[in-house]
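Just so we're aligned: the sequence shown equals residues 33 to 309 in the numbering used here.
Any given hint could be a false lead.
[As the list claims (entries may be wrong)] Restricting the straight-line Cα-Cα distance to at most 25 angstroms, the calculated cross-link-like pairs of lysine to aspartate or glutamate (DMTMM-like) are:
(1) Lys196 with Asp276
(2) Lys196 with Glu135
(3) Lys196 with Asp45
(4) Lys296 with Asp203
(5) Lys196 with Glu141
(6) Lys296 with Glu227
(7) Lys196 with Glu284
(8) Lys268 with Asp281
Everything labelled a hint here was simulated from the structure, so no lab data went into it.
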Amino acid sequence: MPEDVLTENAPLDIRFSEEELETAREEIVSFIEDTVDAAGADGAVLGLSGGIDSTLTAYLAVEALGEEGLHGLTMPARVSDDELMSDAEAVAQSLGIPYDVIEIEPIAEQFDKAFPEGVDDRTAAGNVRVRTRAVLNYYVANVENRIVLGTGNRSEAMTGYFTKYGDQAVDCNPIGDLYKQQVRQLAAHVGVPHELVMQTPTAEMWAGQTDEEEMGLNYDHLDAVLALHVDGPLSKAATVRYVDGVTEDHVERVVELVERSAHKRSMPPAPGVSVRE
33 MPEDVLTENA PLDIRFSEEE LETAREEIVS FIEDTVDAAG ADGAVLGLSG
83 GIDSTLTAYL AVEALGEEGL HGLTMPARVS DDELMSDAEA VAQSLGIPYD
133 VIEIEPIAEQ FDKAFPEGVD DRTAAGNVRV RTRAVLNYYV ANVENRIVLG
183 TGNRSEAMTG YFTKYGDQAV DCNPIGDLYK QQVRQLAAHV GVPHELVMQT
233 PTAEMWAGQT DEEEMGLNYD HLDAVLALHV DGPLSKAATV RYVDGVTEDH
283 VERVVELVER SAHKRSMPPA PGVSVRE
């Protein structure tokens with residue numbers, strides 16, 4: 033078993049067995065290869081943040097496509113942590129993939145100039161930078177006949193913790209079936225350095241931002257509520273009794289996040305005009 037990926041206060045162990053872990057790896061690698069082949073593409077583009085999700089996706093994509101099959105992009109903004117950006121480049125270099133560093137702040141600043149009212153809106157300004165990265169991913173992908181790989185996991189997707197038409201503006205999500213704890217486990221399994229596996233997750237939408245602070249609870253408790261209550265059969269009360277450290281407020285918070293973000297997981301709605309009936 034690779035180095036332990038459970039945090040000290042993890043209330044629920046949802047790690048795979050060794051056999052399940054290897055099956056997950058093989059299925060994800062095959063999925064990436066099949067998706068590229070089905071698109072008639074020459075490879076994939078991946079935004080590298082230096083975080084665990086993009087790093088794991090990069091490792092699996094190289095296994096599926098080879099070094100030249102993956103083009104990495106690191107796209108720092110003014111709020112980007114220098115250490116994370118160094119990690120992103122280190123990942124690209126260790127995997128031997130071609131990559132580019134593109135500063136997105138000069139691009140994002142043009143949006144700020146076009147609509148100055150948004151500059152002081154932290155969420156809006158942060159989303160502009162996330163969506164700028166998505167545009168660049170597709171620009172490179174179009175030029176090189178590649179697809180864009182997403183880095184979203186199940187925990188983020190279910191709670192809507194992503195920017196609509198931003199970091200989920202992708203062609204596929206290779207690790208989209210995995211809860212965050214399972215992402216850490218698979219990353220350790222394929223050889224991602226432990227310091228990256230256990231790194232505090234951040235979308236870097238603004239300075240000092242962290243995923244867990246934004247969501248209102250940590251990933252271990254989030255995974256437990258999703259697995260047992262939202263995806264699983266337990267009631268709110270049973271979940272609270274079963275999971276140490278989880279309160280009714282936590283469960284209600286997760287359910288609210290899932291329900292309020294439903295639109296992010298669906299195609300834009302149309303009214304269903306019935307004039308052809």
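- Query: Regarding the pair Lys268 and Asp281, is the alpha-carbon distance no greater than 25 angstroms?
  - Reply: Holds: Lys268 and Asp281 sit about 10 angstroms apart, inside 25 angstroms.
- Task: Starting from Lys196, check that the Cα of Glu284 is at most 25 angstroms away, please.
- Result: Status holds; Cα separation ~23 angstroms.
- Message: Against the 25 angstroms threshold, does the CA-CA distance of Lys196 and Asp45 hold or violate the hint?
- Response: With Cα atoms ~30 angstroms apart, Lys196 and Asp45 exceed 25 angstroms; violated.
- Query: Straight-line Cα separation of Lys296 and Asp203 no greater than 25 angstroms?
  - Reply: With a Cα-Cα distance of about 15 angstroms, the restraint between Lys296 and Asp203 holds, given a limit of 25 angstroms.
- 25 angstroms Cα cutoff - pair Lys196, Glu135: With Cα atoms ~21 angstroms apart, Lys196 and Glu135 stay inside 25 angstroms; holds.
- Is it true that the CA of Lys296 sits at most 25 angstroms from the CA of Glu227? violated (31 angstroms)
- For the pair supplied as a hint, Lys196 and Glu141, is the alpha-carbon distance within the 25 angstroms limit? holds (20 angstroms)
- Message: Hint check: Lys196 vs Asp276, CA-CA at most 25 angstroms. Holds or violated?
- Response: Violated, at about 33 angstroms.
Of the numbered hints listed earlier, those contradicted by the structure are 1, 3, 6.
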